[in-house]
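Peer 1: Please model the complete structure; the sequences and the hints are all you need to start from.
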Amino acid sequence: MSKAVNVLISDPTLRDGNHAVSHQLTREQIATYCRAADKAGIPIVEVGHGNGLGASSLQVGLARTDDETALRTARENLPNSKLGIHVIPGFATIERDLKRAMDYGVDVVRVASHCTEADLTERHIRFCRANGKTVFGVLMMSHMIGKDMLAEEARKMENYGAEAVVIMDSAGNYLPSDVKERIDHLLETLSIPVGFHAHNNLGMAVANSITAVEAGATILDGSARGFGAGAGNTQLEVLVAVLHRMGFETGIDLYRMLDAADLAEGELLKEHPRISSISVVSGLAGVFSGFSKHVQRLAQEFDLDPRDIFFELGRRRIVAGQEDLIIEVSSELAAQKKAGL
Amino acid sequence: MRQAVQLLQEDCARVAEHDAGGLDALRDSHLLVTGGSGFMAGWIAEMVCHLNEHRRMQIRLSLLARNRTQFQDRLPHIASKPYVTFLQGDVRDIVDLPKDVNFVLHAAGSPDNRNHTTNPIGTMITIADGTRALIQAAERAANLRMILNVSSGNIYGRQPSSLERIPENYAGAPACGGVESAYAEAKRYAETLMTAARSQSRLPVQTVRPFAFLGAYQPLDAPWAINTFLNDALQKRPIRVMGDGQTVRSLLYGADMALWVLTILARGRTGHAYNLGSNQGISLESLARKVSSHLQPSPEVILNAALSRNVPTSILVPDTQAAERDFGLRVLTDLDTAIQRTLKWHQC
Numbered sequence: 001m002s003k004a005v006n007v008l009i010s011d012p013t014l015r016d017g018n019h020a021v022s023h024q025l026t027r028e029q030i031a032t033y034c035r036a037a038d039k040a041g042i043p044i045v046e047v048g049h050g051n052g053l054g055a056s057s058l059q060v061g062l063a064r065t066d067d068e069t070a071l072r073t074a075r076e077n078l079p080n081s082k083l084g085i086h087v088i089p090g091f092a093t094i095e096r097d098l099k100r101a102m103d104y105g106v107d108v109v110r111v112a113s114h115c116t117e118a119d120l121t122e123r124h125i126r127f128c129r130a131n132g133k134t135v136f137g138v139l140m141m142s143h144m145i146g147k148d149m150l151a152e153e154a155r156k157m158e159n160y161g162a163e164a165v166v167i168m169d170s171a172g173n174y175l176p177s178d179v180k181e182r183i184d185h186l187l188e189t190l191s192i193p194v195g196f197h198a199h200n201n202l203g204m205a206v207a208n209s210i211t212a213v214e215a216g217a218t219i220l221d222g223s224a225r226g227f228g229a230g231a232g233n234t235q236l237e238v239l240v241a242v243l244h245r246m247g248f249e250t251g252i253d254l255y256r257m258l259d260a261a262d263l264a265e266g267e268l269l270k271e272h273p274r275i276s277s278i279s280v281v282s283g284l285a286g287v288f289s290g291f292s293k294h295v296q297r298l299a300q301e302f303d304l305d306p307r308d309i310f311f312e313l314g315r316r317r318i319v320a321g322q323e324d325l326i327i328e329v330s331s332e333l334a335a336q337k338k339a340g341l
Numbered sequence: 001m002r003q004a005v006q007l008l009q010e011d012c013a014r015v016a017e018h019d020a021g022g023l024d025a026l027r028d029s030h031l032l033v034t035g036g037s038g039f040m041a042g043w044i045a046e047m048v049c050h051l052n053e054h055r056r057m058q059i060r061l062s063l064l065a066r067n068r069t070q071f072q073d074r075l076p077h078i079a080s081k082p083y084v085t086f087l088q089g090d091v092r093d094i095v096d097l098p099k100d101v102n103f104v105l106h107a108a109g110s111p112d113n114r115n116h117t118t119n120p121i122g123t124m125i126t127i128a129d130g131t132r133a134l135i136q137a138a139e140r141a142a143n144l145r146m147i148l149n150v151s152s153g154n155i156y157g158r159q160p161s162s163l164e165r166i167p168e169n170y171a172g173a174p175a176c177g178g179v180e181s182a183y184a185e186a187k188r189y190a191e192t193l194m195t196a197a198r199s200q201s202r203l204p205v206q207t208v209r210p211f212a213f214l215g216a217y218q219p220l221d222a223p224w225a226i227n228t229f230l231n232d233a234l235q236k237r238p239i240r241v242m243g244d245g246q247t248v249r250s251l252l253y254g255a256d257m258a259l260w261v262l263t264i265l266a267r268g269r270t271g272h273a274y275n276l277g278s279n280q281g282i283s284l285e286s287l288a289r290k291v292s293s294h295l296q297p298s299p300e301v302i303l304n305a306a307l308s309r310n311v312p313t314s315i316l317v318p319d320t321q322a323a324e325r326d327f328g329l330r331v332l333t334d335l336d337t338a339i340q341r342t343l344k345w346h347q348c
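Chains as they are written, first to last, in the working numbering: chain A, 1 to 341; chain B, 1 to 348.
The set of hints was computed from the structure by calculation and includes no laboratory data.
All values derive from a computational prediction rather than experimental measurement.
Treat the hints with care, as some may be off.
Claimed, not checked - No more than 27 angstroms apart at the CA atoms, straight line, and that leaves these computed lysine-lysine pairs for DSSO-like:
| # | chain 1 | residue 1 | chain 2 | residue 2 |
| --- | --- | --- | --- | --- |
| 1 | A | K133 | B | K344 |
| 2 | B | K290 | A | K133 |
| 3 | A | K133 | B | K236 |
| 4 | B | K81 | A | K99 |
| 5 | B | K81 | B | K99 |
Peer 2: Structure, rendered in structure tokens:
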């Protein structure tokens, strides 16, 4: 008899990883990784554009594989694992996107908002609950606010009907003490499970994830080889190994997980996620990891130091979805540079 | 539609049989209900229909609500009755009550905690200003005999685990720091405002504090566990229980609720407050299993317990001895019957 899972793993390799390849994952890559993930027993496999359902656009990047193809392909190749999607209200509408996604067989909907804007998730969470889907609330860029406001926003999601709340360290800015403080307070405030999604900008993703679980979080996100935006996510195969060593049960077969990670490295990754100098700066500045490619491109275009752009973006507290502001900031910095300021 | 109406009329008839003349004070009277398109108003209207058509009580019923379409969609059979008048408007804007109004049931204000969470300021202002406007209008109503203010069981705050049922004199309060306290705190304020009006203007006011209900007129996507369970069951999918299922709630059927409210309105004494709900607590797991047992094939019940850690068991069950002592009110529709009737209504 198998042991009950006490840490639920959600794998965004095919969603957050899409950021790392400018949303160019193909149908074949999705099918291949899903088969491997399903064999490994990964409970939830997230699929889609890096910014989630309905996000493919010129502003944040056109996806090579449209939502319908991605979801149908994943569903066909996930006979056991649950199919998850990331949904940001605004990008994803209920009528156009969510209803269709449910028709394609989505099991888990993760409705996300910036950490101060949980109000925006009400209708989407309600819709998912009314349609019998498992729905998690997700608070992105959670480092930008303190534990009290974060708990208040999470509580809103609980009131709307979320069955769990996941906080994202979208910028890879947290230290373990930050994670512990927030997870502790969320667990004091909520009566639903709490999860954590890390980024590795400061090399803390696995450590922060373990801190979260030790503090009482029961849902962790991790990607094969850390395939994700910026410096990448928590490296899933490492996380699973550590969790198993600590005595937690994930329901994942470690050997097959390692096989899936090897496969991801060969089939999905153009370049291995690494903590580049830019990633370190992005983490320190507390800026969304997914901005790296935009920043680097604009730094070249405007002849700027990308690190200066990141710190300025951090000072202005810009968030995901405000990609157009990177151009504005770069342009202003270039003008200042020209003026000798 | 006809079948659904008949089902509710059967419920009202079955429950009203237990009235031993307590409702007679309502005979030939005019009752105004604020929040006229909600769950409570729907059941009150059904009961008034029964009393008028089977006991010739000749009650005139005015229902005040903002949305005429919602009223007509939900209660088309009520809308066409000659003794029912729909008043379109916001309770906050009310200036005068209809001249011959004798009883007012002040039931305006959505108890949906999702709305409170998104718009806590609007929630508080609506309750506070609506109650103030109603009081000012009531002060000019020459024929007014009683206002029944519908408060909330949430005004007690969290029920201590050591307390099996909350009595009306329990001095708990909602935590001011919580975003969801907006509704409960506003309801406390409204109670106090009504008390002030009773003292200052000698308005005849009493209060009921509703807990949880089930029955017709509650949408299946309402945020309470019973609706989620019914919705899952009716959609023929597993019933999912959030958490370990040990949370305890109690549920009063809509027809019982209507009888309680009208009895308290008719016979109650000014200044009193009564809990309105069932005193029979049940865990959410047991409730889900009960719902499941009423369908064939019975849907699976799934607990989401493995991932929940250190979650204290929450209890919210009213002590209803005061209503039983003063009016002989008790639960008349057992939970199984209530579930069965509610499922049937949704299937009509």
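Peer 1: With reference to the structure, classify each hint as holding or not holding.
Peer 2: Status of each hint after checking the structure:
{"no.": "1", "hint": "A:K133 x B:K344", "result": "24 angstroms, holds"}
{"no.": "2", "hint": "B:K290 x A:K133", "result": "22 angstroms, holds"}
{"no.": "3", "hint": "A:K133 x B:K236", "result": "13 angstroms, holds"}
{"no.": "4", "hint": "B:K81 x A:K99", "result": "40 angstroms, violated"}
{"no.": "5", "hint": "B:K81 x B:K99", "result": "20 angstroms, holds"}
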